[in-house]
Structures are given as structure tokens and as C-alpha cells.
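Colleague: Here is what each chain is made of, one letter per residue.
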Amino acid sequence: MTLVEVKGVSKRFGGLTAVSGVDLTVDAGEVHCLIGPNGAGKSTLFKLIVGLYPPTQGQILFDSVDITQQRPFARVQRGMSIKMQAPSVFRELPVRQNIQIALQGHVSGAERDREEERLLTLLNLATEGEKLAGALSHGQQQWLEIGMALALRPQLLLLDEPTAGMSPEETFRTGELIKTFNTGGMTLLVVEHDMAFVRQIAQRVTVLHLGKIFAHGSLEAILQDEKVAEIYLGKTHVHH
Amino acid sequence: MLRLLDGPQTLGKGPKFWACFLVVLVAALIYPLFADSYDVGNFAYFLLWIFMALGLSLMWGYAGMLSFGQTLFFGISGYTYGVLAIVMGGGSTTIVALVLSVCMAMLAAAILGYFMIWGGISGIFFGIVTLSATLVLAFFLGQTAGSEWHIGAARLNGFNGMQGMDPLTVGSLDIEGSVLYYFMLVLIVVVYVALRMFVNSSIGNVIVATRENPQRAEMLGYDVRKYQLLAFVIGSGLAGLSGALYTSWGQFITPSSIGLPAAAMPIVWVAFSGRSDLTATLVGSFLLLFGFQTITIYSQQAALVLMGALLLATVMVAPQGFVLGVGRLIAVRWKRWRGGGVAKTEPARLQPDEV
Amino acid sequence: MSAADLFSFFYQFADVFAFLILSASGLAIVFGMMGIINMAHGEFIMCGAYVTVGLVNLGVPLALAQILAAIAAGLIGVVVEYFIVRRFYKRPLDSLLATWGLSLIVTQSMLLIVGSSIRGIGTPEGSFAVGDYTFSTYRLVLFACAVAVLVGLYIIFMKTRFGVLARATMQNAAMAKALGARTGRIYAISFGIGAGLAGLCGALYAPTMTLIPTMGATFIVESFVTVVVGGANVLLGTAPAAIFLAMIRMALNASYGQIIGQIGMLFAVIMIIRILPEGLSSVLVRRGR
Chain A
1412 MTLVEVKGVS
1422 KRFGGLTAVS
1432 GVDLTVDAGE
1442 VHCLIGPNGA
1452 GKSTLFKLIV
1462 GLYPPTQGQI
1472 LFDSVDITQQ
1482 RPFARVQRGM
1492 SIKMQAPSVF
1502 RELPVRQNIQ
1512 IALQGHVSGA
1522 ERDREEERLL
1532 TLLNLATEGE
1542 KLAGALSHGQ
1552 QQWLEIGMAL
1562 ALRPQLLLLD
1572 EPTAGMSPEE
1582 TFRTGELIKT
1592 FNTGGMTLLV
1602 VEHDMAFVRQ
1612 IAQRVTVLHL
1622 GKIFAHGSLE
1632 AILQDEKVAE
1642 IYLGKTHVHH
Chain B
13 MLRLLDGPQT
23 LGKGPKFWAC
33 FLVVLVAALI
43 YPLFADSYDV
53 GNFAYFLLWI
63 FMALGLSLMW
73 GYAGMLSFGQ
83 TLFFGISGYT
93 YGVLAIVMGG
103 GSTTIVALVL
113 SVCMAMLAAA
123 ILGYFMIWGG
133 ISGIFFGIVT
143 LSATLVLAFF
153 LGQTAGSEWH
163 IGAARLNGFN
173 GMQGMDPLTV
183 GSLDIEGSVL
193 YYFMLVLIVV
203 VYVALRMFVN
213 SSIGNVIVAT
223 RENPQRAEML
233 GYDVRKYQLL
243 AFVIGSGLAG
253 LSGALYTSWG
263 QFITPSSIGL
273 PAAAMPIVWV
283 AFSGRSDLTA
293 TLVGSFLLLF
303 GFQTITIYSQ
313 QAALVLMGAL
323 LLATVMVAPQ
333 GFVLGVGRLI
343 AVRWKRWRGG
353 GVAKTEPARL
363 QPDEV
Chain C
165 MSAADLFSFF
175 YQFADVFAFL
185 ILSASGLAIV
195 FGMMGIINMA
205 HGEFIMCGAY
215 VTVGLVNLGV
225 PLALAQILAA
235 IAAGLIGVVV
245 EYFIVRRFYK
255 RPLDSLLATW
265 GLSLIVTQSM
275 LLIVGSSIRG
285 IGTPEGSFAV
295 GDYTFSTYRL
305 VLFACAVAVL
315 VGLYIIFMKT
325 RFGVLARATM
335 QNAAMAKALG
345 ARTGRIYAIS
355 FGIGAGLAGL
365 CGALYAPTMT
375 LIPTMGATFI
385 VESFVTVVVG
395 GANVLLGTAP
405 AAIFLAMIRM
415 ALNASYGQII
425 GQIGMLFAVI
435 MIIRILPEGL
445 SSVLVRRGR
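Residue numbers (this note's numbering), protein chains in the order written: chain A, 1412 to 1651; chain B, 13 to 367; chain C, 165 to 453.
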């Protein structure tokens, strides 16, 4: 079943076409990675799916509903959840309150407290609950934001470079975590440029180049695609 | 319920804080027994402005919207009370007039707020659009001296302002003097406690989230515009409550209560006090009103110069507010003197939790 | 419609347009360059007016007094920038409060020191007739000055070395600094120009109105709404905003009087921000690319 359908979407900023005629589908239950060199239009496409700005052309469907004109909060209410590239948390509020704000729309009372503890433990933040979120390390803030995105119990989790600024160990743990979510039935769309991380998690991959879809297919197929290696990795980096 | 009284959004909490609160409340309750009625009336006058300050603290400190329009809604409500108290015949209908006046201010806030918030106005533009609206109302009312400007028997009277409306009355009891004082005191306790519960509720959680990071709040599925509008309407409604009480207290209102420099006063009180905490705003505003009134007797201009200097000094020296800063300092000293340091169970926040 | 009617129409438009441009341009420059709103803008206008009247009473010719008044306000602006405003470039909301505090201090001190009003100097006489109508020459001088201000700003910002550096700083202050622009000095000069233009506004309107320390309030609503509608660009924002607002204002003034004109203008602004949140200049600048 198709969960997200992007149909002929373009986005122009003044004279610059950042995304041009992109078609993309994300199936329910998969981990789909969106890759491409810098300036390929990954982040723009991500922001279009999230609803941070409207596309110049085209249509975006979520769960068969046209959401092209909906604002981000309405998309979130439909079952999306979003983690942006730079850590975006409530800096002046305690970690625990950050999680509570994410949780309170869905659960309440004792269940909320339990869920709060579960998430804090899952994210390795159990001892940091009373700290201000702004006082956490960069990596911890990324975790906290992932935790807030998870608290919404989304059908679809959208992650924009979730491992930016993380150490290799943290990156690996994040990858394992993503696989756990997926096993639990969650669909994930991940924008990433770290190929090691993509190999760890991806089931299907879409390659963007110069604002257009360059290739798409299974992880194996993409890894063996010479043309992808050429534009994305540079020939010298191909090891199979 | 109790959990809401002592939540994360209010700094003063715990048994010691509420003990202090009770002491102050009892002192305020028995004050009229020891003071002459003139002083009690003056005290009631300071208290009526507190609502406007608390409303601004909610909008600015909690929701992150710097509204310069407190006197706009003060004026709308104050004039509405004046008109209604005259048109509806005064007497016990003044209570209805009070309620309707506050509703009028909230309605006006909802309309103006809708256009600004849905138009994406924030930051400094929020301030100057609200101030522009405030000044235009003041200019407009200043030009209503002619006899054609009346609603029923109520003349607007231009710069000289409206007068001759009944004060709040229940049956044969005029709410004046010490009765007015107690009325205000009860209202302040109710509003203060209600606001504490509101900011510590789940709605309050979203409101502070909106201040901290509106995009993140939106991406957690909250329509931040609705929460901002709610805070704006409540905050402006509290300014309206002050306005109607003011008109009732003095049985007059003039455009100078709306325009400059009046519009700057709530900003000075709340900035000086510490906008991010209701208790600091309550205490600080009262102190400033008291000081201002004392100096005004000698020279109003000098009092206003002092207010301007305090505003400038606040942003230069203590942008978070003087009262809040001093409160935190005292709390830190107190803890140190007790030899405690920060106990384990307490939040490791920057602020100690007693003011 | 006769030629005289047409001229009368233009005259009224020119009058409102001049008022908007002269009162808003100083505020718009400071906002465009530094992203802050100077709440003491009205007090710089008041300063220009008082210096003009003071000098004229000392026997200085009006035009010279007006120029000196604008320079005086500009110099005071540089001093204010140095001691107060420059601390707040990273905190625009606090700059609003600080300048408002300053504004309170200045107006109320003036009331304490010089009292509520001083002897005015009267509008320069001189009028001319077109058809059945008589017009004041001075009002047309004001219009000419407003146009001259726009042309002057165009030359300063588009044709001089300072203008290039200023526009670079406006686009990206950190980059301009890295490339050797002395951004601190550019900000100080920009603030000075803004204050000087406010002073000029006060100087030009001084002969036409009663001088009181609180006179700045007469100008700030117009300057605020023009900047809100215009956005961050003086030439592409403030000027078209002034044309647009002058049209609305003129139509309402003619049928309903001054105060309704002002209220109508405010309503128009509130509608516009709903439709164009970033102001007219965002549309015009985008088209211009």
C-alpha cells in the first residue's frame, strides 16, 4: 500500500528551480532513504512533504488524501511526524517538559507518565530529565527531538539527516533504533548523505540529482548502479 | 487541580511560597481596619491596574507576543463601561455593563489578533501594529468633543472624556471605598490563581512551547496560531477588566488613558518586574504603581521620566526583569544560608524554585 | 473634470504623500539596515522642529535653520546609537523597549524644562491660484522635499561607496564584516541618517504646527504603518507604500475627514498584513529579480 505519493512536484525560488517534476512513492512499512549530493534538492523536497512551503506545481498525497495545501500541523495530525535537520527543541524548557508537550495531545494521566519514562530511557536521557533542553549536547538534542517525534506515535516518521553531528557510535545506535521502529510497523522516510548509515537502514532508495529523480530502487540495486556512484560518490569511492 | 497551581511555568512554589502568599493575603485583608478610607481608595486604585499587567505577562512572558496594545483594550472596555452604565440606566445593571465591557475588549482583541496572527505578524511588528491601533483610538476619541458624538445619552466628550456614569453597584450597595478594595482583592486572587492554573495546564504547556519554538510546536501537531490568539484574547481581556474597573472607580475616562505615555506604562511594569513570571509581575507592578503615584503628587513628568529611565535600565542591565532577578538572588542566598545547595529531587534548572 | 480639479486632486495627494515619506523615511532606513524600530523616532522629529524654531527666533533664515536642525538631529542620532542602540542589534525587541524608554525620558524632560508649548513661527506665506482654488506654496515645497529625499536616498544607497557597503551589510552583515566593511561605523552612519531625516521632517513641518514636546506622536502612526506596509526596503517599499496609503487616505479624508482617513489607513494596513505578511517590498523585490 502506498502511504505517501508525490506527483509531479516542482518548487521554484525566484529564478532557481530547486525541485523539478519529482514523482516519489513511499510504501507503508518500508524504510525509504532519500539521497543525493549537496544541492540535489533533498531538503527542499523534505520541506515540501512536511508542508513548510507549498509546491509551485504538483500534488502530495498522504494515505490517499491530498495534503498539498495543508499546513504542517494538519499533516502531523494525520499521522506524520517530523525531525528537522538542525536540532529543534524547546531550549528554555526542561527535557521532561519537552517530551510532555509532545505526548499530551495523545495520552494523559498515568499512561502519560509511563510513556514519558519509557521514552526518556529509550533515548538515554533518563538522568537528564530536569535539565533545560538547551543545555544538552548537540547529539542529545537530536535524540530528544527524535523522542518528541516518536511521542506522537506516527504512521510515518520523516527524518532529515537525523545523524548530523552525532559520533559514529551514536549514529549506529540511531540506525538500530530506526530498525526497531520499523519492525514495530512504522514507515520511515529518511534524508541522509552518510552512505554507511543508509546501508545500515535502507530498504528502498531514491537518488535526487539537480532537483530531479536520478534513480530509485532497492538498496542493492542502487549500490550497484555505476551512474549513481559517479554522481554521488565519485568513482574512486566505489567498493563492492 | 493542585498540580496545576505549582507547575513548571510558575517559579514561586512549595509550602514556603504559599505561606508567604497567605501572610501577604491576610495583611491585605486586615489593611482597611488600620488605614483611613482615602488610603484604602488609593490602594484599590493600584490594584485595578494589576490585571492589565498580568495580562501582558501572559502574552509577552509566556506566549512571546509583545503587545503594545494593553491601553487599547483598556480604553475600549473603559469607554464601553461608561456608555453602557449610562445607557442601561446604571444601578445593578453596572455589573452587566462590566461583563459586557470585558467581552467587548476580548472581541476587539479577537478581530485584531486574527488579522495579525494569521497574517504572520510577530516580533517587533506585533508591537508597532498594536501601538498604531492604540494611538489611532486615542486620536479618534480625542476628536469626539462635538455633541454629534453620543450613544444614547452618553456623550464621548473628546479630550475631556466621559463622565457621570454610575460606579459598580449591587442593589443599594455602591462598590466604592473599602468595598471596592475587597472586591478588587478577591478578583486579583481569583485571576492570579486562575492564570497560574492556566499556564501550568496542558494549554499553557503549548503556549510556552509556541514562545520557545513555534515551528517545533507546529510540528507536534498544534495549530500555534490558535494558541497565540487565545493568549492574546485573554491577556487583552484582562486589560479590558482594568479599564472597566478604572471607569467605575473614578466615574470618568479620558483618551489620555489610552494614548502616549499611558500605553508605555504596562510595558514598564512588566519589563521591570520580570515578564516570564506571574508572581514577579504582580509584586513588581504593585511596587511601581505605588512609587509612581507617590512621585506623581509632586510632578507627573518627573514620575514619567523615572518610568522611562527604569525601562531603559531594565533592558540594559537586567533584561529578564529586576524583581525576578532579585527574587532569584534572595532564593539562592537563602539556600546557601541554609547550607543546602541544590537538593537532589529539585530540578537542576537555572532558577531556584522559590521566589 | 477641469484642469483645476485635476490639480487640486494632485495637490491633496502630494500633501499626504509628502507627510508619509518625510515622517517614515528615517524610520524605514533604520529598520531596513538594522532590523530595529526606533521608538524615539518621534522625538527626533520633535528635536528637528524645536531646533528650527529656536534658530529662526535667533534670526537665522528658515531654510538654513531647517538644514541645521536636520544635521543636529542626525548628530544626536549618532550619539544615541553609540551609547544605547548598538548594544541591541542582536536583540531587536529590547531595542524597541530601550528606545521607548528614551522617548519617555526625552518628552517628559522637555515638558519639565521648556513647558508645554513655545512660540511658533507661522507658515511661510505665499499662495497661488489654479482656477477657483487657492493653494499654499509651502505645501508644494514639502512635496518637492519628499521627492528630493527619495532621490537623495537613491543616490546615497545606489551610487556611493558607502551605499555599496551599506547594502552589503544589509544582505549579510557577517560576510560584509569578513570582507573588511566596518559594519559598526555603517550602522552608526545609517542611524544618523535616519535620525537626520526625522529631524528634517520636524524642521519642515515646524512652521505648520503648534510645537509641543509630545508632537512626535502626531507623526509616528503614519511612519509606523508606512514601514509596516513597505517592509524592509526604503526605495522599493516605503515609496510605493506611501503612494498606496496616500491614495486611501486622500479618498477618505475628502469624504469623511482626517480622523476617518487615519482609521481607514490603519484598517487597510491590517488587511494588507493578512495578505502580504512581508510588506509590499517583498512582492516588488521578488518581481525585480
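It is possible that some hints are incorrect.
The list that follows gives simulated cross-link-like pairs (lysine-lysine, DSBU-like), each with its CA atoms no further than 30 Å apart [stated by the list, open to error]: (1) K1542(A) - K1590(A); (2) K238(B) - K1458(A); (3) K238(B) - K254(C); (4) K1638(A) - K238(B).
Hints listed in this document are in silico derivations from the structure and should not be mistaken for laboratory results.
Colleague: Next step is simple, just say for each hint if it's right about the structure.
Modeller: Results of checking the hints against the structure:
1. For the proposed pair K1542(A) and K1590(A), the alpha carbon gap of about 29 Å is at most 30 Å, so the pair holds.
2. In summary, the hint linking K238(B) to K1458(A) is supported, as the alpha carbons are separated by about 23 Å, within the 30 Å threshold.
3. Note on K238(B) and K254(C): the hinted pairing holds, with a Cα-Cα distance of about 29 Å set against a maximum of 30 Å.
4. With a CA separation close to 49 Å, the supplied pair K1638(A) and K238(B) exceeds the 30 Å bound.
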